[in-house]
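S.K.: Turn these sequences into a full structure, and let the hints guide you.
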Amino acid sequence: MDLTSINPVLLVASLMVAATPILLAAIGELVVERAGVLNLGVEGMMITGAVVGFAIGVNTGSPALGFVAAAAGGAALSLLFGLLTQYLLSNQVATGLALTLFGLGLSSLIGKPYEGIKSPTLQKLDLGPLGDLPIVGPILFGHDPMVYVSLLMVLGVWWGLKHTRAGLILRAVGENHDAAHALGYKVVRVRMAAIAFGGASAGLGGAYISLVRVPQWVEGLTAGAGWIALAIVVFASWRPWRALLGAYLFGGVTVLQLNLQAAGLAIPVEYLSMSPYVVTILVLVLISARGRHGAPGSLGRIFHSTG
Amino acid sequence: MSETRATEPALLDLEGLTKAYPGVVANDDVSFAIRPGEIHALLGENGAGKSTLVKMIYGLVKPDRGRMTMRGAPFAPASPAAARAEGVAMVFQHFSLFEALNVAENIALGMDHPPPPRELAGRIREVSAAYGLPLDPARRVGDLSAGERQRVEIVRCLLQDPKLLIMDEPTSVLTPQEVEILFRTLRKLAGEGTAILYISHKLEEIRALCEHATILRLGRVVDTCDPRQKSARELAEMMVGEELHVPVREAGAPGEVALEIRALSMPPASEFGTPLRDISLTLRKGEVLGIGGVAGNGQDELLAALSGESLAPAGTIRLAGRDISRLSPNQRRALGLLAAPEERLGHAAAPDMSLTENALLTGAVRERLTRRGFIDWARTRDFAGRIIEAFDVRTPGPENAARALSGGNLQKFVIGREVLQAPDVLVVNQPTWGVDASAAAAIRQALLDLAGEGAAVVVISQDLDELMEISDRFTALNEGRLAEPRPMRGLSIEEIGLMMGGAHDLEVSA
Chain A
55 MDLTSINPVL
65 LVASLMVAAT
75 PILLAAIGEL
85 VVERAGVLNL
95 GVEGMMITGA
105 VVGFAIGVNT
115 GSPALGFVAA
125 AAGGAALSLL
135 FGLLTQYLLS
145 NQVATGLALT
155 LFGLGLSSLI
165 GKPYEGIKSP
175 TLQKLDLGPL
185 GDLPIVGPIL
195 FGHDPMVYVS
205 LLMVLGVWWG
215 LKHTRAGLIL
225 RAVGENHDAA
235 HALGYKVVRV
245 RMAAIAFGGA
255 SAGLGGAYIS
265 LVRVPQWVEG
275 LTAGAGWIAL
285 AIVVFASWRP
295 WRALLGAYLF
305 GGVTVLQLNL
315 QAAGLAIPVE
325 YLSMSPYVVT
335 ILVLVLISAR
345 GRHGAPGSLG
355 RIFHSTG
Chain B
223 MSETRATEPA
233 LLDLEGLTKA
243 YPGVVANDDV
253 SFAIRPGEIH
263 ALLGENGAGK
273 STLVKMIYGL
283 VKPDRGRMTM
293 RGAPFAPASP
303 AAARAEGVAM
313 VFQHFSLFEA
323 LNVAENIALG
333 MDHPPPPREL
343 AGRIREVSAA
353 YGLPLDPARR
363 VGDLSAGERQ
373 RVEIVRCLLQ
383 DPKLLIMDEP
393 TSVLTPQEVE
403 ILFRTLRKLA
413 GEGTAILYIS
423 HKLEEIRALC
433 EHATILRLGR
443 VVDTCDPRQK
453 SARELAEMMV
463 GEELHVPVRE
473 AGAPGEVALE
483 IRALSMPPAS
493 EFGTPLRDIS
503 LTLRKGEVLG
513 IGGVAGNGQD
523 ELLAALSGES
533 LAPAGTIRLA
543 GRDISRLSPN
553 QRRALGLLAA
563 PEERLGHAAA
573 PDMSLTENAL
583 LTGAVRERLT
593 RRGFIDWART
603 RDFAGRIIEA
613 FDVRTPGPEN
623 AARALSGGNL
633 QKFVIGREVL
643 QAPDVLVVNQ
653 PTWGVDASAA
663 AAIRQALLDL
673 AGEGAAVVVI
683 SQDLDELMEI
693 SDRFTALNEG
703 RLAEPRPMRG
713 LSIEEIGLMM
723 GGAHDLEVSA
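One line per chain: the protein sequences are A and B, in this order. Sequential numbering of the first sequence, starting at 55, is according to our numbering. Sequential numbering of the second sequence, starting at 223, is according to our numbering.
Just so you know, these hints were derived from the structure itself, not from any lab. Just so you know, not all the hints are guaranteed correct.
[What the hints assert, rightly or not] Pairs of lysine-lysine, DSSO-like flavour, derived with a Cα cap of 30 Å: (1) A:Lys240 to B:Lys385; (2) B:Lys284 to B:Lys424; (3) A:Lys240 to B:Lys424; (4) A:Lys166 to A:Lys178; (5) B:Lys452 to B:Lys424; (6) B:Lys410 to B:Lys385.
All values derive from a computational prediction rather than experimental measurement.
M.R.: This is the structure we're talking about:
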């Protein structure tokens with residue numbers, strides 16, 4: 055085994071890439087949950103985004119158009135969830151699980167003709183001399199645009215929730231939907247907007263896997279990334295910057311275990327592969343042991359206006 | 223003063239307002255008028271249609287028929303925002319506040335065009351000082367007391383410069399001192415020309431505050447009066463429409479010690495819970511002990527510690543001399559300690575289970591409703607039937623779901639279920655909360671009868687009138703501490719207020 059073969063700078067740079075799909079999905083789900091809706095369909099929306107983005111990317115030759123289509127596809131699927139849970143008052147947990155199953159099936163169907171094709175992928179941003187700086191160059195300035203988009207989304211969500219009136223209303227709706235309704239806010243409308251945002255973000259996250267990380271289409275491509283995104287929202291105590299931390303932590307363990315595998319660590323590969331998930335479970339258990347940690351007051355509860 | 227007002231044009235005129243829901247007419251042809259600067263009481267029992275009526279004025283509900291006129295112009299608000307734009311503001315019965323947000327954010331949410339945060343904080347300080355309602359805009363609402371939370375709601379309304387302020391049961395969670403502060407604020411507002419529509423079923427308060435009352439019963443206006451000219455009993459009978467039965471009890475000398483609590487301290491069960499601090503208490507047979515206090519000062523926690531839902535440290539609770547601190551609820555039931563919690567649906571009773579099944583849930587041990595792990599349905603049905611008959615529970619039968627009963631009927635069932643098991647000690651929390659006056663009287667009578675038969679009864683309640691009516695001794699919970707119990711007779715309302723406020727928390731501001 056040769057640990058010196060692991061380059062810490064490249065490790066950090068690649069963990070950011072590995073974490074980006076989860077971060078995109080998590081920041082979207084965070085907004086959804088802050089509005090009081092629990093959408094367990096993240097995995098389904100991600101993989102739908104992945105296949106739609108891939109198909110459009112291949113057919114148009116433009117990965118950017120692929121991302122736009124992925125966002126639209128994820129949002130469309132999430133609005134189905136919104137229709138069922140917000141207007142037809144179905145159970146959010148059951149509907150979310152169904153959405154995941156539906157998304158997995160739908161993506162296989164759409165993706166069948168695209169198996170084995172290579173897609174056009176995003177080029178790294180050329181930031182001139184900045185990219186040539188030692189250490190910070192590859193870490194901060196050597197990425198493709200979506201990595202920066204994901205970071206800007208964290209910043210935007212944090213700013214929006216904390217400093218804008220729309221963010222305040224969204225938090226109010228998630229905290230106590232009856233009170234928000236009594237004050238005259240449109241609970242269902244706010245939630246539909248949040249759900250669509252969450253769907254679009256999950257779609258972007260999925261497309262990042264199929265257009266940048268892999269970049270190919272195979273069935274079941276997202277491999278549980280949506281579930282990790284859901285766990286990271288809890289890990290983050292519903293706060294944007296902590297979601298970034300959680301996603302990068304998960305990405306870090308993922309990349310590290312790949313490096314360790316390459317370095318020939320004398321542990322069966324299966325244990326290394328499961329390590330990111332084990333770490334996620336451990337962190338969640340530790341956080342839950344601390345008791346209540348700021349879940350939105352109306353999270354997962356059905357809102358029914360009584361007139 | 224009222225004479226000049228009588229000739230003034232009305233601020234808000236209601237004519238023939240009618241609103242029906244499937245199966246019930248909430249408001250039937252309701253008409254009355256409110257003048258500027260008038261404090262107008264809206265009186266009625268639960269279900270009389272008070273809430274529906276004010277929701278129509280506040281734009282939350284559209285009337286089926288009838289019309290409203292505001293300052294001579296037609297008034298039909300399509301939304302609360304439209305009502306607020308016309309100068310209508312409302313303080314809700316169940317506070318419409320967001321616990322995780324701070325005071326300024328909560329207030330901004332209630333305004334249609336809030337100023338920037340810094341300016342808003344300044345205005346909150348200004349208005350709250352002007353009306354004697356001190357508030358810190360940066361504090362999180364979840365950490366505030368009930369009285370402070372209400373201030374948030376009132377200041378939110380005042381910032382809109384309202385012409386009509388609607389207050390829905392504003393005093394149900396306040397200490398007498400806080401009520402006094404509130405009344406001072408309301409009188410000041412009325413003096414400045416704001417009309418106030420004051421909804422309550424607390425008759426003494428209405429007599430003290432209001433100059434005009436409209437009485438609703440089953441959705442109709444049945445009477446109007448000047449509450450200052452009527453006695454509380456007359457007002458109550460106008461509300462109920464029949465003569466009221468006042469509970470009586472046969473005096474008995476207190477017997478031996480039934481329940482003893484010694485230095486009971488417990489940490490809170492949840493983040494927004496209250497710890498119990500050093501509670502000591504001796505309860506004798508045949509005695510009714512009233513425990514007052516504002517909601518959220520440890521009432522639920524004390525009931526849970528006594529019922530066995532949360533286990534107390536060993537040696538702190540003794541039933542007839544035996545340490546029961548570490549026993550489960552069923553073990554305590556077997557020994558004769560029963561409890562009825564505040565929340566009827568979901569705590570005292572399982573909403574979707576039948577009355578028979580609910581009777582089984584607490585009665586299984588003492589009424590021997592199970593045999594070798596199997597349910598004896600015949601005995602259980604019989605037990606449920608006895609409760610229904612003895613406590614006049616209005617229901618088609620014991621097979622009906624608990625959810626289908628009205629609040630008063632379910633409460634009679636829940637209390638009756640415990641009383642019929644002949645407990646040695648019964649602990650009840652808010653036994654008549656949200657229950658109509660005649661059912662409340664029946665429940666109080668049952669508790670007194672139980673004490674008359676030699677049981678010890680602990681009544682935890684926020685209704686002071688109730689505690690004064692039935693308690694032998696009175697004490698109060700404040701931030702998890704219990705005041706020294708004192709004989710109810712001869713206790714003045716000021717002394718009660720001091721006990722409820724814990725004496726260190728008396729904010730009577732100018």
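S.K.: All hints, please: hold or fail.
M.R.: Each hint tested on the structure:
no. : hint                 : in the structure
1   : A:Lys240 to B:Lys385 : holds, 25 Å
2   : B:Lys284 to B:Lys424 : holds, 28 Å
3   : A:Lys240 to B:Lys424 : violated, 34 Å
4   : A:Lys166 to A:Lys178 : holds, 29 Å
5   : B:Lys452 to B:Lys424 : holds, 14 Å
6   : B:Lys410 to B:Lys385 : holds, 13 Å
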